[in-house]
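Engineer: As a plain string of letters, each chain reads:
Number of protein chains: 2
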Amino acid sequence: MYTFDTTLSSAVSTGDGRQAAPGPLDPETLDRMLRYWHAANYLTVAQIYLQENPLLREPLRAEHVKPRLLGHWGTSPGLSLIYTHLNRLISERDADVIYLAGPGHGGPALVGHAYLEGTYSEVYPEVSQDVAGLRLLCRRFSTPGGIPSHVSVQTPGSVHEGGELGYVLSHAFGAAFDNPDLIVAAVVGDGEAESGPLAGAWRGTAFLNPARDGAVLPILHLNGYKISGPTVLGRETDDNLRAFLQGNGYEALFVEGDDPARVHQAFAAALDISHNRIRAIQEAARDHGLFERPRWPAIVLRTPKGWTGPKEVDGRPAEGTFRSHQVPMTDTRTNPAHLAQLEEWLRSYRPEELFDNNGRLIPELAGLAPRGTRRISANPHANGGSILVDLDLPDFRDYAVEVDPKQPAVIRQESTRRLGMMLRDIYTRNAEQANFRLFCPDETNSNRLGNVFEVENRCFVGPTLDIDDHLSPDGRVMEVLSEHLCEGWLEGYTLTGRHGIFATYEAFAMVSASMTVQHTKWLQEAMNLPWRAPVASLNILLTSTCWRNDHNGFSHQGPGLIDVMLSKRGTVTRIYLPPDANCLLSVADHCLRSRNYVNLIVQDKQPQLQFLDMDQAIEHCDRGASIWHRASNDDGGDPDVVLGCAGDISTQETVAAAWFLRQIAPDLRVRVVNVVDLMRLFPAGHHPHGTTPDEFVELFTADKPVIFAFHGYQRAIHEIVHGQPDVDRIHVRGFNEQGTTTTPFQMTVLNEMSRFHLAAEAIRRTPHLGDRAAGLLAECEARIAAANAYAHEHFEDQPEIRDWVWTD
Amino acid sequence: MYTFDTTLSSAVSTGDGRQAAPGPLDPETLDRMLRYWHAANYLTVAQIYLQENPLLREPLRAEHVKPRLLGHWGTSPGLSLIYTHLNRLISERDADVIYLAGPGHGGPALVGHAYLEGTYSEVYPEVSQDVAGLRLLCRRFSTPGGIPSHVSVQTPGSVHEGGELGYVLSHAFGAAFDNPDLIVAAVVGDGEAESGPLAGAWRGTAFLNPARDGAVLPILHLNGYKISGPTVLGRETDDNLRAFLQGNGYEALFVEGDDPARVHQAFAAALDISHNRIRAIQEAARDHGLFERPRWPAIVLRTPKGWTGPKEVDGRPAEGTFRSHQVPMTDTRTNPAHLAQLEEWLRSYRPEELFDNNGRLIPELAGLAPRGTRRISANPHANGGSILVDLDLPDFRDYAVEVDPKQPAVIRQESTRRLGMMLRDIYTRNAEQANFRLFCPDETNSNRLGNVFEVENRCFVGPTLDIDDHLSPDGRVMEVLSEHLCEGWLEGYTLTGRHGIFATYEAFAMVSASMTVQHTKWLQEAMNLPWRAPVASLNILLTSTCWRNDHNGFSHQGPGLIDVMLSKRGTVTRIYLPPDANCLLSVADHCLRSRNYVNLIVQDKQPQLQFLDMDQAIEHCDRGASIWHRASNDDGGDPDVVLGCAGDISTQETVAAAWFLRQIAPDLRVRVVNVVDLMRLFPAGHHPHGTTPDEFVELFTADKPVIFAFHGYQRAIHEIVHGQPDVDRIHVRGFNEQGTTTTPFQMTVLNEMSRFHLAAEAIRRTPHLGDRAAGLLAECEARIAAANAYAHEHFEDQPEIRDWVWTD
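One line per chain: the protein sequences are A and B, in this order.
Here the first sequence is numbered in full-length UniProt numbering, starting from 1 and rising by one per residue.
Here the second sequence is numbered in full-length UniProt numbering, starting from 1 and rising by one per residue.
Check each hint, because a few of them may be wrong.
Stated by the list, open to error - Some but not every residue of chain A turned toward chain B, in silico, with C-beta under 7 Å: (1) R32; (2) R35; (3) P67; (4) S195; (5) A285; (6) R286; (7) H484; (8) G553; (9) S555; (10) T571; (11) E719; (12) H722.
Unchecked claim - Over 12 Å on every C-beta distance to chain B, these chain A residues come out as not near it, computed from the model: (13) D96; (14) E192; (15) D469; (16) V511; (17) R715.
Hints were generated in silico from the structure; no laboratory data involved.
Every value quoted in this text rests on a predicted model; they were computed, and no experiment measured them.
From the three backbone atoms N, C-alpha and C, an ideal C-beta is built for every residue, glycine too.
Produce the complete structure using the sequences and hints provided.
Structural biologist: Printed below as a string of structure tokens:
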């Protein structure tokens with residue numbers, strides 16, 4: 001059924017004919033590798049099907065089969081073939097290799113290999129190298145309390161969960177950056193290859209420097225089908241595949257066929273060629289310098305889906321078709337013919353010749369696996385926390401904005417610029433250990449982090465021009481107009497034991513939101529595995545925020561990632577909204593030291609009022625939320641109303657609202673509470689940073705109205721505070737999905753979060769103002785009307801609003 | 001500064017030398033087109049800079065310049081060049097063309113053209129074809145109360161907002177499907193081309209059938225820079241670009257240069273060749289049948305960024321560099337030298353020769369624009385609602401599951417299979433008008449919608465094999481393993497006046513969540529424009545949900561899109577959680593008839609209990625939420641506790657919890673309330689579907705405890721119900737980010753939403769049970785423990801739980 005096309009590299013192709021399998025493997029090695037592969041395939045089928053009798057030491061009976069069959073066979077034999085050959089490469093050449101399985105639903109294949117090479121039993125001693133261990137291996141797979149069906153956090157040697165498809169290449173490049181000796185074998189499924197994030201990730205070649213980075217070896221595994229339809233690339237001609245890969249910076253090596261011996265020989269040849277090519281590229285660049293972008297090898301592997309599985313099931317083709325995607329026969333407990341077919345299939349691998357009487361892989365085969373930390377499943381790069389080197393961080397206090405505590409909110413500065421200075425010095429101090437990178441969709445300058453360019457360049461491996469600005473193949477500032485690549489590279493970089501930050505326009509963080517979610521899931525699971533050492537947190541700076549994307553308009557205005565992250569487990573999610581530069585510095589220092597979190601830091605890049613001096617900022621960030629006495633006039637006593645706020649513009653408007661209320665209603669006792677750690681608003685039982693009822697009351701009183709100005713979508717606050725005392729009294733103003741290209745203040749007016757709207761809400765919620773309320777509300781409305789009229793006439797904000805500083 | 005490489009098609013290249021500009025344009029036409037282009041460029045600069053003196057009838061003074069300069073110059077001249085040439089193509093060949101601007105920040109260019117061809121004044125009469133109108137055109141751009149800086153909903157002729165980058169090609173293919181005579185010119189920016197969704201969208205060629213679909217003409221516009229760094233494709237060699245495009249199914253035509261006359265000639269030639277090629281491909285397929293995938297033309301256009309703008313600003317290169325990205329000189333009001341440079345720049349286009357004394361484009365140039373609905377800005381395909389043909393819908397009652405109202409929750413069926421039958425007949429009834437498609441990432445069968453294959457095939461334009469299942473280039477079931485493509489194609493399809501549904505695994509709807517958000521923003525704005533006719537809603541079926549992805553594990557379990565959509569404006573967002581098949585049918589019928597919404601329908605694909613007969617379902621869906629008396633035992637009176645639910649599994653567990661409570665505490669009066677329209681829980685003031693306090697009390701009582709089982713992340717309910725009476729009493733159980741590969745019931749146990757957890761919560765919240773509570777809680781805990789033990793031992797759920805039907 002499979003056709004063998006001619007290929008680019010005839011040395012590698014299995015060819016059209018059926019001559020003796022030519023290739024670099026001597027017959028004995030070939031035979032041993034085939035049997036090792038059989039062992040892996042056997043374990044794959046056993047994991048999917050068996051709950052007893054794991055080595056078929058007795059005839060297979062219905063009750064040996066699990067009642068629910070959950071797993072994916074189709075991609076597994078291909079994944080195992082690749083694994084077996086990477087083992088040879090490692091053993092023969094002492095190569096340092098990790099393996100990322102894009103078609104991660106082939107979980108049992110990777111688990112099987114980890115078991116065959118012993119790591120699995122080291123990590124999970126109960127899954128021992130004997131029949132009892134084999135039985136448990138099978139029983140754990142895809143069962144309650146066991147392990148997931150996909151390549152997952154629980155799989156030793158994995159830094160890539162293959163559930164949500166599309167990220168294997170971005171993870172691979174992230175892992176390869178600054179790991180000069182590492183080879184990252186990245187298997188790309190032909191289904192996954194249809195996804196946008198994967199399609200964009202081929203371009204990592206423009207950012208991979210052979211002189212200082214490791215190599216990514218993509219292996220495009222074409223088995224032709226997805227769940228039910230054909231794959232686009234699986235039906236592509238070799239010519240077009242070659243052109244596509246060439247256009248992305250690769251030279252394609254084709255391996256095709258369904259005859260195991262021939263494919264093994266061809267794949268061995270392709271891997272040898274690839275490795276030689278990789279080393280030649282690296283040596284040339286390291287010895288003589290980098291003169292042009294290299295053309296990296298990439299292997300295209302065409303093998304049948306469900307290869308070596310049942311050819312037909314109930315008279316319909318199975319091997320080589322979509323019907324092999326998951327479980328080829330599902331009713332083996334009730335259908336004796338299918339049970340017999342399963343037994344035949346399992347026995348076709350001759351398990352009795354692979355495992356000894358104790359259930360242990362025979363030494364002849366066990367010897368094929370690499371040793372110690374060279375085993376793919378034990379490679380320390382795939383347990384990045386184990387080789388994590390702390391960042392050498394400067395003292396963040398050195399970048400403080402000077403604020404006179406008696407005169408806060410007078411000077412304006414771009415807060416993120418201070419962070420840029422700090423990042424600059426992080427680059428310098430860690431230049432030697434080369435374990436820090438900033439990732440950003442071409443907005444480093446725009447986001448006011450440009451001080452990094454005093455010491456570090458943008459990375460680009462390709463031709464540079466005189467007019468370019470800080471561009472070099474040696475650069476470690478990673479700018480690419482793809483949130484998917486930024487996020488994926490950073491994930492790969494941190495999971496292999498390094499540090500970084502992803503700075504992006506707030507609205508477009510939603511582009512990669514699903515990746516952030518999946519990374520959160522990874523960390524949530526990793527925390528439960530003692531053998532996985534903690535990795536550096538995934539730090540995301542959301543800047544160019546909704547409130548100050550007045551210049552770009554509605555599409556650029558969306559604080560939605562906050563909502564997405566609120567529902568993830570509190571053990572790993574953190575959201576910080578620093579109101580000014582000094583708080584940002586304190587928060588950033590904390591986040592860069594933290595482990596195993598996803599930290600969102602939300603702050604705009606435009607000049608903003610500076611509220612706290614460094615000591616105050618540290619204390620405030622330490623508390624996460626505190627009363628700002630200087631902005632309050634309740635004299636430490638009981639207020640009439642509390643103005644809460646979280647976010648920079650929200651804080652500015654809140655402080656201005658309190659100031660405005662002092663002008664028009666000086667007897668109204670107003671308390672201002674600022675929240676920098678959003679998780680503080682959760683009840684203590686729900687999030688480790690949450691507040692107890694007493695703490696909550698201390699901040700917000702037990703029963704006074706709270707007007708809360710929130711940076712994000714306003715109703716999200718109600719999701720957070722549920723369970724705190726008397727939450728009905730909390731009235732939130734926030735981003736309300738109103739926006740366009742306009743002025744900064746008009747953004748707060750459109751969303752009814754301006755100082756005057758907040759003041760009006762406070763007045764409305766303070767019953768004892770009595771008859772005076774109407775007049776005060778009219779005053780607020782007049783101010784809003786005046787601001788609107790001015791902006792519509794002059795195309796900018798009223799000077800008294802635009803230039804407002806706090807001077808009372 | 002610009003180098004002219006040799007190109008594939010030498011007929012099109014401007015060549016290396018500087019001979020007289022060869023090409024298809026006679027000198028007079030060339031001259032007129034150049035001047036038309038000048039007019040567009042002039043209007044672009046004027047919109048960005050001027051608030052007065054729009055035609056420079058007097059010397060430029062500082063006060064003529066806007067105080068805030070917001071807009072993007074860099075890409076605009078290239079966009080205008082393309083527009084001018086498409087106009088020629090349309091006029092000469094009566095072509096039917098729409099224009100999608102990927103680099104949509106070039107908004108003023110597209111607005112300028114719409115103005116030049118008169119549409120703008122027809123749509124916005126106040127922006128008249130005279131000096132006053134020109135002044136208003138400038139003053140509206142990027143100002144409060146005006147129009148956004150990007151190509152936007154407000155731009156006539158646009159179906160693509162260019163804010164969040166990456167979707168121009170998927171929108172283009174969506175627009176071309178089933179529009180045989182339409183040519184969709186899709187300009188791809190070289191920045192945008194780095195994004196994953198764009199990179200994946202080139203593959204639309206594998207789904208575009210020249211016999212029945214229109215054409216997409218990609219124009220890859222390389223101007224070399226993003227905001228500050230170079231673009232990856234802008235630095236690519238022609239060879240690699242050609243290979244890349246070939247690998248994606250295109251033949252590349254190169255146009256390069258910075259000499260306007262030469263580039264205009266070359267682009268005219270490229271466009272002629274492209275059009276000839278498109279028509280030849282289509283005619284061949286239409287006359288003789290489709291034998292192989294055609295190779296479609298694609299134009300690569302290399303021109304300087306900010307072309308014809310200032311060469312230098314303050315001694316630094318501007319034209320051709322990233323410094324032209326937005327506003328080349330920003331301080332023109334305060335820097336007289338820059339003001340003079342701006343005036344010189346504006347006058348370089350000779351506005352006095354382009355516009356007459358009344359401010360009207362001179363007839364000689366105005367004649368270049370096409371007429372009537374052939375104008376790009378007036379093409380009805382770009383105002384899809386204006387040509388929308390209603391779907392011929394079958395009676396959804398015909399697909400009803402027979403449910404005995406006296407014996408509900410006894411039969412199990414796959415609810416989505418009923419929808420599949422309905423979709424099948426929608427295909428049949430609308431085959432002639434060809435205006436309906438289902439989009440799905442290769443999961444149509446998996447999602448139990450496979451009945452569509454009785455009448456319709458999967459679409460694939462490429463080689464097919466005997467073993468393929470319902471695959472044909474004529475198919476209209478669009479399966480591709482890319483949520484980005486599914487969503488983008490459907491958006492393009494509906495915005496051009498057709499109908500469809502996107503069915504996807506719930507968790508992976510997050511992959512394209514940002515697109516859903518941006519489409520929502522589009523609809524929100526479109527509703528405010530009377531000239532934009534309503535389009536069919538974007539219908540998203542979220543299936544294979546978290547509760548029943550027990551077989552795929554944690555990565556496949558995530559109901560996050562609900563949270564994302566809750567914050568969008570109520571005018572356009574709808575979320576439905578049908579508990580059974582008949583409700584699904586009723587909801588689907590409603591959604592397919594609706595206009596201008598984003599409808600999320602959330603329902604799993606596995607066999608599920610059927611609760612309501614069709615009449616009950618219709619009434620229930622009509623109400624959106626109602627008391628299920630048959631499941632309650634409060635006899636229409638006051639209950640002790642309310643069990644609320646939204647979602648299929650949530651409903652099953654809730655009904656079972658009520659049943660269980662009747663077994664163990666028959667005197668406890670329990671009311672069951674089911675919510676199918678999630679928006680009903682909002683307060684009436686917040687969402688048009690929201691409930692008044694009275695309605696809310698009628699459902700949930702005024703003060704009784706409510707145990708609410710929610711399909712999604714549990715705290716989201718608190719975001720929704722804030723503002724309803726006494727919400728502190730609402731205790732929600734829902735998806736709590738706990739999952740793995742396990743059994744169905746274990747998923748509810750892990751997330752503490754099982755019937756026994758719900759019953760226990762009801763007991764805990766019902767104080768009058770007194771001493772009995774402890775015993776009842778122990779009973780609940782015992783049931784949970786037994787379920788856990790059974791699942792861990794047998795790898796499946798207890799039969800009494802798995803097979804539970806409601807028989808009391």
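Engineer: Confirm or reject each hint.
Structural biologist: Status of each hint after checking the structure:
Taking 7 Å as the C-beta cut-off, the interface hint given for R32 (chain A) is violated, the closest approach to chain B being about 33 Å. With a cut of 7 Å, the hint placing R35 (chain A) at the interface with chain B is violated, because the nearest CB-to-CB distance is about 30 Å. Checking P67 (chain A) against chain B: minimum C-beta separation of about 5 Å stays under 7 Å; hint holds. Interface restraint check: S195 (chain A) against chain B, minimum CB-CB distance 5 Å, threshold 7 Å, status holds.
Hint status for A285 (chain A): violated, given a least beta-carbon distance of 18 Å to chain B, over 7 Å. Hint status for R286 (chain A): violated, given a least beta-carbon distance of 23 Å to chain B, over 7 Å. For H484 (chain A), the shortest C-beta to C-beta distance to chain B is roughly 4 Å, which falls under 7 Å, so the interface hint holds. Hint status for G553 (chain A): holds, given a least beta-carbon distance of 4 Å to chain B, under 7 Å.
Annotation: S555 (chain A) was flagged as interfacial toward chain B, and the flag holds, the nearest CB pair being 2 Å apart, inside 7 Å. Interface restraint check: T571 (chain A) against chain B, minimum CB-CB distance 10 Å, threshold 7 Å, status violated. Checking E719 (chain A) against chain B: minimum C-beta separation of about 4 Å stays under 7 Å; hint holds. A cut of 7 Å between beta carbons decides the hint on H722 (chain A): the least distance to chain B is about 4 Å, and the hint holds.
Once the 12 Å rule is applied to beta carbons, D96 (chain A) is consistent with being away from chain B; the minimum gap is 28 Å. E192 (chain A), annotated as away from the interface, has a beta carbon of chain B within 12 Å; the closest lies near 7 Å. Under the 12 Å C-beta cut-off, the non-interface status given to D469 (chain A) relative to chain B is violated; the minimum distance is some 6 Å. The Cβ of V511 (chain A) sits about 5 Å from the closest Cβ of chain B, inside the 12 Å cut-off, so the non-interface label is violated.
Separation of R715 (chain A) from chain B is inadequate, the least Cβ-Cβ distance of about 4 Å not exceeding the 12 Å criterion.
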